[in-house]
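Peer 1: Please build the complete structure, drawing on both the sequences and the hints.
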Amino acid sequence: MHPAPSVILFTTLSGLGFGLLFFLGLGMPDVTGMVSFVFFAIAYALAVGGLLASTFHLGHPERAMKAFSQWKTSWLSREGCCAVGALLVMGLYAIGTVFLDTQWTLFGVIGAVLSLATVFTTSMIYAQLKTIPRWNMPLTPAMFISFSLAGGALLAGQETMATALLIIAGMVQLGYWSYGDKAFAESGTTMGTATGLGDRGAVRAFEPPHTGSNYLLREFVHVVGRKHSQKLRMIGFGLGFALPILLLLVPFEGLMLKHTMAAIAVLSHLAGIACSRWLFFAEAEHVVGLYYGKR
Amino acid sequence: MTELPNATDRKMGLVIDLDTCVGCHACVISCKGWNTENYGAPLSDQDPYGSDPSGTFLNRVHSFEVQPKPCGSEQAPAAQLIHFPKSCLHCEDAPCVTVCPTGASYKRVEDGIVLVNESDCIGCGLCAWSCPYGARELDLAAGVMKKCTLCVDRIYNDNLPEEDRIPSCVRTCPAGARHFGDLGDPDSDVSKLVAEREGMDLMPEMGTKPVNKYLPPRPKDQMEDQIDILAPLLAPVAEEAGGFLGWLDKALDKLPGNSTEGAN
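Taken in order, these protein sequences are the chains called A and B. Just so you know, we're using the UniProt record's numbering here: the first sequence kicks off at 1 and counts up by one. Just so you know, we're using the UniProt record's numbering here: the second sequence kicks off at 1 and counts up by one.
Treat the hints as calculated values from the structure; they're not laboratory data. We treat Cβ as the ideally placed atom computed from N, Cα and C, and that holds for glycine.
Ranges between beta-carbon positions, derived for each pair:
| # | chain 1 | residue 1 | chain 2 | residue 2 | range |
| --- | --- | --- | --- | --- | --- |
| 1 | A | 267 | B | 37 | 51 to 57 angstroms |
| 2 | A | 226 | B | 37 | 37 to 43 angstroms |
| 3 | B | 189 | A | 84 | 47 to 53 angstroms |
These stretches of chain A come out as covered by chain B in the derived footprint (C-beta under 8 angstroms, 3 or more residues):
| # | stretch |
| --- | --- |
| 4 | 74 to 85 |
| 5 | 122 to 136 |
| 6 | 183 to 194 |
| 7 | 286 to 293 |
Peer 2: See below:
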């Protein structure tokens with residue numbers, strides 16, 4: 001799949017933003033006033049920024065409102081509904097903590113659930129696609145949710161929980177790569193089933209339908225970046241999980257140093273997740289490539 | 001709504017004969033020609049006369065080579081070249097319809113045709129992601145999703161002569177490799193053809209239940225005695241030149257110098 005920067009930016013940032021909103025909604029950290037305002041500002045900047053970035057790849061962003069209508073069948077529509085719901089409810093909760101020094105627990109809990117639901121619906125947009133075997137597994141939603149929770153806990157300053165969640169997310173990541181590498185072969189889809197000619201003999205793509213490229217090849221057959229995928233996996237894993245966990249476990253003296261290290265851990269995690277998300281798209285192989293003899 | 005209908009009254013679709021298709025791409029051109037100036041946004045081209053031309057097509061013809069396995073101790077039969085036209089299969093369980101967030105994609109109850117309402121399409125591309133067959137292409141100029149309409153603006157068009165009320169690709173195919181009809185009716189010509197020739201689904205494991213069927217190529221492992229039926233008609237009529245030309249030929253042969261051997 002073509003790793004579109006807008007979609008990578010969207011899933012990385014909004015995943016982190018909604019993860020932070022989840023913890024804020026549950027009263028972690030238990031803050032009010034100005035401190036609460038800063039936390040909510042960061043969460044909204046990430047979540048809304050990500051959502052805005054995602055509209056950049058639309059052919060007609062001005063019609064985006066229509067996308068809230070098909071929640072009965074479409075995960076993309078459900079994602080839109082959940083995201084707007086989460087942002088509205090958490091906005092009410094934020095007004096309480098920032099300006100009125102009160103925590104409306106009910107709004108907080110509903111907002112937290114909606115925030116997590118947003119991340120889940122995002123993941124299901126990818127996980128539902130049978131055409132991309134690497135995405136079509138339960139580990140895809142597990143990965144999105146564990147990343148979001150780990151990043152959210154890290155941003156919310158919940159050190160113990162962040163360490164545990166980062167370890168879980170790291171393990172899910174390894175599992176996703178391990179199972180994902182086998183997914184295409186296990187899906188049973190080959191050039192033989194794609195053409196229906198498989199039981200007659202070995203099928204080979206002889207001539208493509210056109211001499212130039214086309215939308216399908218640009219969108220679905222991205223082979224350029226896969227060359228470095230093993231190196232990028234190590235970089236993504238190191239930055240996203242190993243380094244933040246190390247920074248959380250090493251005891252630092254002094255508040256200033258502690259905050260600096262926390263900031264480094266957050267930035268490192270963000271870079272690592274962006275790297276993993278780039279691989280999520282670049283390594284994903286769409287079955288339509290089979291018609292072109294490509295993967 | 002992007003909910004699929006439980007059942008459609010008819011299942012209009014195409015039957016494509018892989019045995020007959022000669023790979024001439026006439027269906028590709030006639031499809032582009034008809035659909036660029038009729039239903040919906042035109043099928044745009046990018047850099048059409050430059051070094052990297054590309055464009056939107058609703059129908060494309062691939063070519064595959066199949067190398068049959070050897071049968072017992074015998075030598076493997078000769079490899080077969082198969083031309084493979086591919087467009088929307090108007091699936092019964094069309095994933096492209098249910099993923100659409102705006103309701104722009106829909107499957108018609110009356111004839112099962114899968115269409116895009118272009119004024120509702122936001123161009124997110126998710127339907128193309130969900131299609132295993134590469135049947136949908138986002139038009140870069142219009143920013144909306146384009147797909148085969150089964151020439152919905154031809155097949156019911158009273159302004160056209162009756163013989164033209166079939167999809168443009170079917171009307172154009174010079175080899176008769178494309179057939180159009182109701183695949184939901186077991187007595188229709190296309191259904192009989194599918195039954196007789198054991199028509200097949202593409203990627204049945206995807207669970208899309210395509211309406212369009214493909215007729216498998218017949219095996220071609222026997223060389224017929226007379227391959228070229230025109231050969232007897234094209235054999236040289238006069239082997240030896242006679243009359244004035246015969247005299248001239250002989251006279252020129254007698255002159256000193258070399259004549260090209262065998263020429264007469």
